[in-house]
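Following the hints, complete the assembly by docking chain Y onto the known chain C.
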Amino acid sequence: MPVTRDDVLRMAALARIGVPEARVDELVRELSAILGHMEELRRVTEVADRRAEEAMPLAADEPGAVPLARHREEFAPATREGFFLVPRLHTHGDDVQGAS
Amino acid sequence: VSPGDRPARGELRIGHGPQAGPPIPTDAEGIARSVNGGASPEAALKAIFEAADRADGLNQFNAFVSTDTAASLTAAAAAPRDGRLAGVPVAIKDNIATSFLTTSCGSRILEGYVSPYEATAARKLREAGAVLIGKTTMDEFAMGSSTEHSAFGPALNPHDTARVPGGSSGGSAVAVAQGLCPIALGSETGGSVRQPAAFCGVVGAKPTYGRVSRFGLVAFASSLDNVGVFGRSVDDAALALEVISGPDQAHDATSASASPPVLRTARRDLRGVVIGRPREYFSESLDTAMHERLGRAVEALRAAGAEVRDVSLPHTALAIPTYYIIAPAECSANLARFDGVRYGLRIEGDGLQAMYEATRSRGFGAEVTRRILLGTYVLSAGYYNAYYRKAMQTRELIRADFDRVFAAGVHALFTPTTPTPAFRFGEKAEPLEMYASDIFTVTANLAGLPAMSVPIGRVRGLPVGGQVLAPRLDETTMFRVAYALEAALGPEAHR
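For the protein sequence lines, the chains are C and Y, in the order given. Residue numbering for the first sequence is 1 to 100, as defined by this note's numbering. Residue numbering for the second sequence is 1001 to 1495, as defined by this note's numbering.
Since the hints were made in silico from the structure, they are not lab data. Model, not experiment: these values are computed from the prediction. It is possible that some hints are incorrect.
Claimed, not checked - The calculated lysine to aspartate or glutamate pairs, modelled on DMTMM-like cross-linking and capped at a C-alpha distance of 25 angstroms, are: (1) Y:1428 / Y:1310; (2) Y:1428 / C:40; (3) Y:1428 / C:6; (4) Y:1428 / Y:1056; (5) Y:1428 / C:26; (6) Y:1428 / Y:1287; (7) Y:1428 / Y:1474; (8) Y:1428 / C:74; (9) Y:1046 / Y:1127; (10) Y:1046 / Y:1056; (11) Y:1046 / Y:1068; (12) Y:1428 / C:81; (13) Y:1428 / Y:1403; (14) Y:1046 / Y:1027; (15) Y:1428 / Y:1280.
What the hints assert, rightly or not - Derived CB-CB ranges, DEER-like: (16) C:87 / Y:1302: 39 to 47 angstroms; (17) C:33 / Y:1487: 42 to 50 angstroms; (18) C:22 / Y:1476: 51 to 59 angstroms; (19) C:9 / Y:1314: 22 to 30 angstroms; (20) Y:1100 / C:43: 49 to 57 angstroms.
What the hints assert, rightly or not - Here are a few chain C residues that sit away from chain Y, every Cβ distance over 10 angstroms (derived from the structure): (21) 15; (22) 20; (23) 22; (24) 61; (25) 67; (26) 70; (27) 72; (28) 79; (29) 82; (30) 84; (31) 86.
Quick reminder that beta carbons are idealized off the backbone N, C-alpha and C, glycines included.
If we strip away everything but chain C, and leave its shape as in the complex, we get (with noise of 0.2 angstroms):
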């Protein structure tokens, strides 16, 4: 299945990565090669029990920020000058208890 010079810009949107006009054409041509290799998967018929995955939603393909499931304030309750306030990590190895 050949990729379009709109599935780059649309991939490009999704990625945030601003690609120059001058690189399109190559890159369509290069995913296209990339993408025809992998078409080889689509023979195997062996198929793995994946019937947990086959009921996982998938997001819609759009740009920008996804937003939240829930309100920001039952997760992340606290803050301070406009930052969230955390729990410290155990990784910032020191011996200062609770949020920072």
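Leaving out everything else, chain Y in the frame of chain C:
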């Protein structure tokens, strides 16, 4: 130091001529033993720096992206003198966070970045007394098989500077091959330690997935990434792996198993060991000279007492498409964090989205951009089932192939590490050509198995490696086979 050839286990001295100091061993155990016995921990470093100066300098083959000899000597003076690696010079790949020098991942987007914390593997080396001499050249974010995708120029193969050293951990392999250090760290996602080890004529080992903590290893594809080790000999690699393995409170995904006993306890003959030779790795398309070298290695294994048996791993041909869907998919998620906000480069734009796009466009090179776009494509809702889901299923089939062979009484597998010796710079210009060179190494990453490359001789004057694979968490058998191969081939392994 004798660039261009594997330095023999021998001696270095500080100074030369009548004023030369006492001899300094060049293997990791020998250096540590001499420091444990009272020698100066700076001695080996000074000797190596002096020897490098007498040649064309430390970076003769562009093995390093950052060095600071004064800081290294200071670190040596402060290093514990009773450790297993006391005074041993080590090189570390530029995507593993260290207490000094940069962690730039070979990328413009992290150019000059110094990590505020240290990777567990680097910390364990330091606490054992090892001294960092430099961060090594790599393909950007470990995506590549030649170091040609480094933003700071490729490393050169010391055996033929017109050829690549392999990648992505090419600089680490070069530093060891050059004789600058007996041990180096690299990282592996699809063969990035084993392939450069084979191309540079040194030993390279990837442990079982999760055997070594990934804390402080900059993530590329988290379900495939490992920290791996290079050594000038099997002994050096075994010692390094023992030191850096083991559970880590900072990284819950690390195996709770203790370090595998691989140093010397693995050094026995191969009586009672069954070694499988997968026919899919020995196809007729392999170079005749490669076949000849591999045949000699198989005979050496038999002479050491092993039973060598032909086996089949029928899904091997699907490994490259499987790997090149899963790895880019994971990289597209892992590299989303490099957006100009928290790390490194920021290119201002008209608004937040424009800043992200400008920073990532300018900061990432061509290969990283290609893989992020590929990964985004195969994860997108329209193509997820056709590519990513299918690749995850195929990965299970590849894993099951290995499980079936090991369950049938095979203790280890022997294969070529690469289809060819080191290729010339620019020879593999098309991405697919480069990807195909990983055919024999990606399977171990997909299945999470330990695997290592051991020198088995030269083809047209260039080093080639034989690969040993073992069941998950059985590094002891893998090293046992590697030791036997090294001992049986002797000097033949390097000519």
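Outcome of the hint check:
| no. | hint | in the structure |
| --- | --- | --- |
| 1 | Y:1428 / Y:1310 | violated (32 angstroms) |
| 2 | Y:1428 / C:40 | holds (22 angstroms) |
| 3 | Y:1428 / C:6 | violated (28 angstroms) |
| 4 | Y:1428 / Y:1056 | violated (29 angstroms) |
| 5 | Y:1428 / C:26 | holds (16 angstroms) |
| 6 | Y:1428 / Y:1287 | holds (17 angstroms) |
| 7 | Y:1428 / Y:1474 | violated (35 angstroms) |
| 8 | Y:1428 / C:74 | violated (53 angstroms) |
| 9 | Y:1046 / Y:1127 | holds (20 angstroms) |
| 10 | Y:1046 / Y:1056 | holds (16 angstroms) |
| 11 | Y:1046 / Y:1068 | holds (13 angstroms) |
| 12 | Y:1428 / C:81 | violated (52 angstroms) |
| 13 | Y:1428 / Y:1403 | violated (33 angstroms) |
| 14 | Y:1046 / Y:1027 | holds (15 angstroms) |
| 15 | Y:1428 / Y:1280 | holds (23 angstroms) |
| 16 | C:87 / Y:1302: 39 to 47 angstroms | violated (58 angstroms) |
| 17 | C:33 / Y:1487: 42 to 50 angstroms | holds (45 angstroms) |
| 18 | C:22 / Y:1476: 51 to 59 angstroms | holds (54 angstroms) |
| 19 | C:9 / Y:1314: 22 to 30 angstroms | violated (40 angstroms) |
| 20 | Y:1100 / C:43: 49 to 57 angstroms | holds (51 angstroms) |
| 21 | 15 | violated (5 angstroms) |
| 22 | 20 | violated (7 angstroms) |
| 23 | 22 | holds (12 angstroms) |
| 24 | 61 | violated (5 angstroms) |
| 25 | 67 | holds (16 angstroms) |
| 26 | 70 | holds (21 angstroms) |
| 27 | 72 | holds (18 angstroms) |
| 28 | 79 | holds (18 angstroms) |
| 29 | 82 | holds (14 angstroms) |
| 30 | 84 | holds (14 angstroms) |
| 31 | 86 | holds (15 angstroms) |
Violated hints, listed in ascending order, are 1, 3, 4, 7, 8, 12, 13, 16, 19, 21, 22, 24; each of the other numbered hints is respected by the structure.
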